[in-house]
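Undergrad: Read off the chains here:
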Amino acid sequence: AQKVTQAQTEISVVEKEDVTLDCVYETRDTTYYLFWYKQPPSGELVFLIRRNSFDEQNEISGRYSWNFQKSTSSFNFTITASQVVDSAVYFCALLKYSGYSTLTFGKGTMLLVSP
Amino acid sequence: GAGVSQSPSNKVTEKGKDVELRCDPISGHTALYWYRQSLGQGLEFLIYFQGNSAPDKSGLPSDRFSAERTGGSVSTLTIQRTQQEDSAVYLCASSLLAGNTEAFFGQGTRLTVV
Numbered sequence: 001a002q003k004v005t006q007a008q009t010e011i012s013v014v015e016k017e018d019v020t021l022d023c024v025y026e027t028r029d030t031t032y033y034l035f036w037y038k039q040p041p042s043g044e045l046v047f048l049i050r051r052n053s054f055d056e057q058n059e060i061s062g063r064y065s066w067n068f069q070k071s072t073s074s075f076n077f078t079i080t081a082s083q084v085v086d087s088a089v090y091f092c093a094l095l096k097y098s099g100y101s102t103l104t105f106g107k108g109t110m111l112l113v114s115p
Numbered sequence: 001g002a003g004v005s006q007s008p009s010n011k012v013t014e015k016g017k018d019v020e021l022r023c024d025p026i027s028g029h030t031a032l033y034w035y036r037q038s039l040g041q042g043l044e045f046l047i048y049f050q051g052n053s054a055p056d057k058s059g060l061p062s063d064r065f066s067a068e069r070t071g072g073s074v075s076t077l078t079i080q081r082t083q084q085e086d087s088a089v090y091l092c093a094s095s096l097l098a099g100n101t102e103a104f105f106g107q108g109t110r111l112t113v114v
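Which chain is which? The protein sequence lines are A and B, in order.
Quick note on numbering: my numbering labels position 45 of the first sequence as 45, and the sequence is numbered without any gaps.
Quick note on numbering: my numbering labels position 41 of the second sequence as 41, and the sequence is numbered without any gaps.
Incorrect hints may appear among the rest.
Stated by the list, open to error - Far from chain A by the CB rule (all over 10 Å, computed), these chain B residues:
no., residue
1, G16
2, R22
3, Q41
4, D56
5, P61
6, R64
7, G72
8, Q80
9, Q83
10, T101
11, R110
As the list claims (entries may be wrong) - DSS-like, lysine-lysine: derived pairs with alpha carbons at most 30 Å apart:
no., chain 1, residue 1, chain 2, residue 2
12, A, K96, A, K107
13, A, K3, A, K96
14, B, K17, A, K96
15, A, K16, A, K38
16, A, K107, B, K15
17, A, K70, A, K3
18, A, K96, A, K16
19, A, K107, A, K70
20, B, K17, A, K3
21, A, K38, A, K70
22, B, K17, B, K57
23, A, K16, B, K17
24, B, K17, A, K70
25, A, K38, A, K3
26, A, K96, B, K57
27, A, K38, B, K11
28, A, K96, A, K38
29, B, K57, A, K38
Calculated from the structure, these hints are not laboratory results.
If you're wondering where the values come from, they're calculated on a predicted model, not measured in any experiment.
Built from N, CA and C at the ideal position, the CB exists for glycine as well.
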């Protein structure tokens with residue numbers, strides 16, 4: 001069975017602080033994908049990043065960075081110099097491919113960035 | 001259309017009534033997914049369509065839930081005899097192919113059963 005755990009239910013920071021959102025996953029598959037999505041108050045899930053299980057290189061995109069560690073089954077997400085617009089619910093998800101793909105989501109972490 | 005479109009955006013219904021939620025996927029996307037987002041529960045997979053067929057209905061919570069897809073495009077999720085525990089945001093996503101790893105999500109339908 002697949003499982004994604006986001007232990008942090010809610011995080012509050014002040015603008016310009018760095019913040020890391022944790023994600024731990026469980027899967028028996030050797031091939032899988034990991035995702036982060038952002039859900040702003042409007043409700044739509046916005047795709048942030050996809051990482052496959054064979055690529056453990058960390059990735060940086062502007063203020064966002066991701067740390068994928070297979071040894072600890074973690075895929076953590078860091079926002080540097082947070083901004084009020086970063087306030088949203090962030091979901092980590094695991095994709096299993098078995099002829100078709102479905103996403104298993106964590107319960108999400110609500111990030112509140114105050115000015 | 002440019003993105004996944006869902007309607008209505010909000011729906012309030014009385015307990016026991018039937019509701020229909022609509023999803024219009026991105027044009028040309030063959031795979032379509034329904035998820036449910038309940039308060040504090042994350043997103044729960046409901047059903048997957050490939051074309052007009054649903055090879056995976058494993059997430060439908062009860063036989064009050066059904067879905068169909070016609071013309072390989074629009075999908076309708078129907079909930080019969082709604083219960084208060086059905087209150088949630090229902091999200092639809094589509095992807096180009098079944099194995100495509102990038103799914104695009106709509107804004108969801110917020111269903112409130114009173």
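Undergrad: For every hint, state whether the structure bears it out.
TA: Checked hints:
no.: 1; hint: G16; verdict: holds, 26 Å
no.: 2; hint: R22; verdict: holds, 16 Å
no.: 3; hint: Q41; verdict: violated, 6 Å
no.: 4; hint: D56; verdict: violated, 7 Å
no.: 5; hint: P61; verdict: holds, 16 Å
no.: 6; hint: R64; verdict: holds, 22 Å
no.: 7; hint: G72; verdict: holds, 15 Å
no.: 8; hint: Q80; verdict: holds, 24 Å
no.: 9; hint: Q83; verdict: holds, 22 Å
no.: 10; hint: T101; verdict: violated, 5 Å
no.: 11; hint: R110; verdict: violated, 8 Å
no.: 12; hint: A/K96 / A/K107; verdict: holds, 18 Å
no.: 13; hint: A/K3 / A/K96; verdict: holds, 11 Å
no.: 14; hint: B/K17 / A/K96; verdict: violated, 35 Å
no.: 15; hint: A/K16 / A/K38; verdict: holds, 19 Å
no.: 16; hint: A/K107 / B/K15; verdict: holds, 27 Å
no.: 17; hint: A/K70 / A/K3; verdict: holds, 15 Å
no.: 18; hint: A/K96 / A/K16; verdict: violated, 36 Å
no.: 19; hint: A/K107 / A/K70; verdict: holds, 21 Å
no.: 20; hint: B/K17 / A/K3; verdict: violated, 34 Å
no.: 21; hint: A/K38 / A/K70; verdict: holds, 23 Å
no.: 22; hint: B/K17 / B/K57; verdict: holds, 23 Å
no.: 23; hint: A/K16 / B/K17; verdict: violated, 48 Å
no.: 24; hint: B/K17 / A/K70; verdict: violated, 47 Å
no.: 25; hint: A/K38 / A/K3; verdict: holds, 19 Å
no.: 26; hint: A/K96 / B/K57; verdict: holds, 16 Å
no.: 27; hint: A/K38 / B/K11; verdict: holds, 24 Å
no.: 28; hint: A/K96 / A/K38; verdict: holds, 20 Å
no.: 29; hint: B/K57 / A/K38; verdict: holds, 26 Å
Consistency with the previously given hints fails for numbers 3, 4, 10, 11, 14, 18, 20, 23, 24, ordered from lowest to highest.
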